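The residues making up each chain are set out below.
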Amino acid sequence: MTVMMDTGNRIAAKAAQMAKPEVVAAYPITPQTVIVEEIARYVQSGQLDAEYICVESEHTVMTASIGASATGVRTFTATSAHGLALMHEMLHWAALARLPIVMVNVNRTLGPGWSIWADETDSVAQRDTGWIQFYCSGNQEIFDTVIQAFRLAENREIQLPVMINYDAFILSHTSMPVEIPDQEAIDEFLPKFKPFWQLDTDNPITHGNLVSEDDYMDIRYGMHLAHENAKKLIPEIALEWKETFGTYHGGLIEEYRCQDAEFIIMAMGAIGAEAKLSVDNLRSEGHRVGLARIRVIRPFPNEEIQRIGRGRTLIVVDRNISVGSGGAVFTETKSALCGLNDCRVYGFVAGLGGRDVTYEDLADMTRKVMNNEASETEWWDLKETGGA
Amino acid sequence: MALKNLPREEFLFPGAAACPGCVGCLSLRIALKALGKETILVIPASCTASIEGYFPKTPFNVPVLTIAFEAGAAGASGVSAALKRLGKDETNVVVWAGDGGTYDIGIQALSGAVERGTHFIYICYNNEIYSNTGIQRSGATPFGAWTTTTWTGKTEHRKDLPRILMAHEIPYLATASASYVEDLFRKVQRAKTIRGSKYIEIHIPCAPGWRFPMDKTIEIGRLAVETGAWALFEYENGELTFNGRSKRILEGQVEPKPIEDYMKTQGRFRHLFEPRRDEERLTEIKRHLESDWARFRKQVQLQTA
Ligand SMILES: Cc1ncc(C[n+]2csc(CCOP(=O)(O)OP(=O)(O)O)c2C)c(N)n1
Ligand code: SF4
Numbered sequence: 001m002t003v004m005m006d007t008g009n010r011i012a013a014k015a016a017q018m019a020k021p022e023v024v025a026a027y028p029i030t031p032q033t034v035i036v037e038e039i040a041r042y043v044q045s046g047q048l049d050a051e052y053i054c055v056e057s058e059h060t061v062m063t064a065s066i067g068a069s070a071t072g073v074r075t076f077t078a079t080s081a082h083g084l085a086l087m088h089e090m091l092h093w094a095a096l097a098r099l100p101i102v103m104v105n106v107n108r109t110l111g112p113g114w115s116i117w118a119d120e121t122d123s124v125a126q127r128d129t130g131w132i133q134f135y136c137s138g139n140q141e142i143f144d145t146v147i148q149a150f151r152l153a154e155n156r157e158i159q160l161p162v163m164i165n166y167d168a169f170i171l172s173h174t175s176m177p178v179e180i181p182d183q184e185a186i187d188e189f190l191p192k193f194k195p196f197w198q199l200d201t202d203n204p205i206t207h208g209n210l211v212s213e214d215d216y217m218d219i220r221y222g223m224h225l226a227h228e229n230a231k232k233l234i235p236e237i238a239l240e241w242k243e244t245f246g247t248y249h250g251g252l253i254e255e256y257r258c259q260d261a262e263f264i265i266m267a268m269g270a271i272g273a274e275a276k277l278s279v280d281n282l283r284s285e286g287h288r289v290g291l292a293r294i295r296v297i298r299p300f301p302n303e304e305i306q307r308i309g310r311g312r313t314l315i316v317v318d319r320n321i322s323v324g325s326g327g328a329v330f331t332e333t334k335s336a337l338c339g340l341n342d343c344r345v346y347g348f349v350a351g352l353g354g355r356d357v358t359y360e361d362l363a364d365m366t367r368k369v370m371n372n373e374a375s376e377t378e379w380w381d382l383k384e385t386g387g388a
Numbered sequence: 001m002a003l004k005n006l007p008r009e010e011f012l013f014p015g016a017a018a019c020p021g022c023v024g025c026l027s028l029r030i031a032l033k034a035l036g037k038e039t040i041l042v043i044p045a046s047c048t049a050s051i052e053g054y055f056p057k058t059p060f061n062v063p064v065l066t067i068a069f070e071a072g073a074a075g076a077s078g079v080s081a082a083l084k085r086l087g088k089d090e091t092n093v094v095v096w097a098g099d100g101g102t103y104d105i106g107i108q109a110l111s112g113a114v115e116r117g118t119h120f121i122y123i124c125y126n127n128e129i130y131s132n133t134g135i136q137r138s139g140a141t142p143f144g145a146w147t148t149t150t151w152t153g154k155t156e157h158r159k160d161l162p163r164i165l166m167a168h169e170i171p172y173l174a175t176a177s178a179s180y181v182e183d184l185f186r187k188v189q190r191a192k193t194i195r196g197s198k199y200i201e202i203h204i205p206c207a208p209g210w211r212f213p214m215d216k217t218i219e220i221g222r223l224a225v226e227t228g229a230w231a232l233f234e235y236e237n238g239e240l241t242f243n244g245r246s247k248r249i250l251e252g253q254v255e256p257k258p259i260e261d262y263m264k265t266q267g268r269f270r271h272l273f274e275p276r277r278d279e280e281r282l283t284e285i286k287r288h289l290e291s292d293w294a295r296f297r298k299q300v301q302l303q304t305a
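Going down the list, the sequences are from chains A and B. Sequential numbering from 1 applies to the first sequence in this note's numbering. Sequential numbering from 1 applies to the second sequence in this note's numbering.
These are calculated hints, taken from the structure and not from any lab test. Just so you know, these numbers come straight off a predicted model, no measurement behind them. Just so you know, not all the hints are guaranteed correct.
[What the hints assert, rightly or not] Part of the chain B face toward chain A, derived, beta carbon under 10 Å: (1) Val42; (2) Glu70; (3) Val93; (4) Ala113; (5) Thr304.
Every residue gets a Cβ at the ideal spot worked out from N, C-alpha and C, and that includes glycine.
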């Protein structure tokens, strides 16, 4: 084991290198660029034995990854915002083809106007593509999740692509110390990829031909079952990692000081890390506050949220927006709790386009709810209204 | 190779869901004979993606990766890279795409793959329309042709995609025709032996799309070459050579037949002749055709000079 002091992007690239993908197709976009530069360097300096395809667009990134994965090799890539949006058609394709591609997405704001700062709307908008989606809150979690994602994606019960998201700049460009296990230990945790189907001239299957209206629905149901299986497997893999390597960030949800809490802040990504400080401060003021940090949005942890939500007040903070509806975690949490009448849910949309969300902001939102001053949904810190 | 000596082994079986007599299918069957068993096909949305038929059945005897419309060359890039990793570099990676998937929506991926020197063969079967979606215009549709998006005739000439690919310094490029299968077979075999990117474009008369009786398909394909509407050539190591009838036309050994002989066989050009001749557009078609051949001659002369 060594300790590497580096940015989220360089840590993600390191994890990808240690996972030994055989094909990486990539295209640069701020703030993901460092990942593709690092992987190019790993390949060109002989530190990663892989084919690196410097393609001409993100649509081709995902299509080439599909081609490589379908031919039977481990495949990794990374993107952000507009790159992810350009991939949209092929995200569906990768998931329906049940290919275990692992991709990092650095959460960045969508234009116009151009902005490169943190916003989860890019990946939240891809919730329906069938990909498993993680959100990380620190660089150690980025490292651990990238390696764990391959184990998960390549499991026979899953066979789905996995996206690992983290905040632009707040994590992508911020250095933190990260424990890096030895390569042999990683190899043992993540053995060589064995594909379940593959293009093979000795077994000439046709993949992706016409599917009758009688068959298609069952294919979708198979994907749904795989997501149900992932709800079990994600926590299991995280615990196995903890036993092997010592680091742990929770299963589908990371719970922090929730046990006797009356009020629970819910958030994803870096806001979820910031909220720990708010919880500590509010507790020192005598309030029974906890944090449930959502690590996985697909599959959505409905059952966990029902358990956590019982008898409590939830304060959900979303750095993303489905315009015309609301923040993703808020609306999905409401739907998970539908029918349970012993919990209340408040939603705050905050930090869109990279606007800072501090531990003070999160504490203020919580206080507002505790004082019964909050409406069910609020946009936090708006300029026009002078803030909510 | 004479027709009767083509390999017996079949990689495209009967029962494919194409229009009866489709020479797109015929060309694919011949191309697969030249390619052989060690081949992976990548097929974007097109008539061919439909003729694959319903899962779990397939008429193909080689592995097929069906892929999105614009993504043929992109999918092949991934397959080719993975095969290299698996030590199966000798397997042919072949995109089989229509002209819409090649000239229009797929040109970015194709240009990127060729620029990167991807080791693969890209075959465009050019029926000069989007047939799968019901006969809409493409960048390969000729001037004046009726389609369901150009009801009074297309107002632009077709894009010269082979020239665009030659500008990429592609190692091998050839045009072929479904009506000259020995020539097609030879060109696919040639492409197989060359490293890097190869492009072959096959002219495919499409009976429902061009409005002619199906049993005239081969004849119309021949007329295209005999009138010079379609030229058979090869481009290798930066050198352009014409083949067969096209070579004789280029060198002035035979006069091309009048272009109207070709156009009059097809309903898609009928409005240029009925109810009265559209002299303006017919003149434009002839002018453009002559300028194409003048450019061909100039290019070949420059090579020999
Ligand atoms: C992104 C996208 N846009 C549109 C379509 C609809 N579409 C399917 S096939 C096709 C036309 C194909 O034309 P061409 O490539 O010439 O092949 P052909 O049908 O003539 O065989 C179109 C427009 C699609 N599948 N995907
Ligand atoms: S529409 Fe034309 S190209 Fe398509 S299957 Fe029928 S004949 Fe062949």
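Which earlier hints can't be squared with this structure? 5
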